[in-house]
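Asks: Sequence:
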Amino acid sequence: MPESDDSKPGDLVMNIHEAKTHFSKLLRRVQSGQAVTIAKANKPIARVVPLADATPSGRVFGAFKGWVECAPDAFEACGEIASLFENENPLP
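Its first residue numbered 48, the sequence shown is counted upward by one per residue in our numbering.
Don't take every hint at face value.
Unchecked claim - FRET-style restraints, in silico, Cβ to Cβ:
#, residue 1, residue 2, range
1, A82, F132, 48 to 58 Å
2, V115, P91, 51 to 61 Å
3, K90, H69, 11 to 21 Å
4, P91, T68, 13 to 23 Å
5, N134, W114, 32 to 42 Å
6, F132, A110, 43 to 53 Å
7, Q78, A110, 47 to 57 Å
8, E127, H69, 54 to 64 Å
9, S71, F132, 40 to 50 Å
10, E133, L98, 21 to 31 Å
11, A129, F108, 46 to 56 Å
12, R106, Q81, 47 to 57 Å
To be verified - Okay, derived cross-link-like pairs now, DSS-like style, lysine-lysine, Cα gap no bigger than 27 Å in a straight line:
#, residue 1, residue 2
13, K87, K72
14, K87, K67
15, K72, K90
16, K90, K67
These are computed hints drawn from the structure, not numbers from a lab. Yeah, the Cβ is synthetic: ideal placement off N, Cα and C, and Gly gets one too.
Modelling step: build the complete structure from the supplied sequences, incorporating the hints.
Replies: Put into structure tokens, the structure is as follows:
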């Protein structure tokens, strides 16, 4: 597709149908740093650009590993509670 007047040099211009059809490819190009202009009937209506300030959340999974202890039987089912789930009518 030709570049439009509103797009910047190096921008990829796609019509809506093409952008929907190849959305994952479009996002890969944006992720690699290229801006993409979305057009309707070859008139630009939107730009998809990479986020400059996208940073990891800082969450570390397993950060408290070894800090929390529980009894070995903590996740074993209590007989009384298990029977409530197994009965057909657990409510009185």
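Asks: Work down the list of hints and note, for each, if the structure agrees.
Replies: Cross-check of the supplied hints:
1. A82 <-> F132: 48 to 58 Å: holds (55 Å)
2. V115 <-> P91: 51 to 61 Å: holds (54 Å)
3. K90 <-> H69: 11 to 21 Å: Roughly 20 Å apart at Cβ, these two residues keep to the hinted range, so it holds.
4. P91 <-> T68: 13 to 23 Å: Given range 13 to 23 Å: holds, Cβ gap about 18 Å.
5. N134 <-> W114: 32 to 42 Å: Given range 32 to 42 Å: holds, Cβ gap about 39 Å.
6. F132 <-> A110: 43 to 53 Å: violated (33 Å)
7. Q78 <-> A110: 47 to 57 Å: violated (27 Å)
8. E127 <-> H69: 54 to 64 Å: For E127 and H69 the Cβ distance comes to about 58 Å; the hint holds.
9. S71 <-> F132: 40 to 50 Å: Once the Cβ atoms are compared, 43 Å apart, the range 40 to 50 Å for F132 and S71 holds.
10. E133 <-> L98: 21 to 31 Å: This hint is violated: roughly 51 Å between Cβ atoms.
11. A129 <-> F108: 46 to 56 Å: violated (31 Å)
12. R106 <-> Q81: 47 to 57 Å: Hint violated: Cβ distance 29 Å, outside 47 to 57 Å.
13. K87 <-> K72: holds (19 Å)
14. K87 <-> K67: holds (12 Å)
15. K72 <-> K90: holds (21 Å)
16. K90 <-> K67: holds (16 Å)
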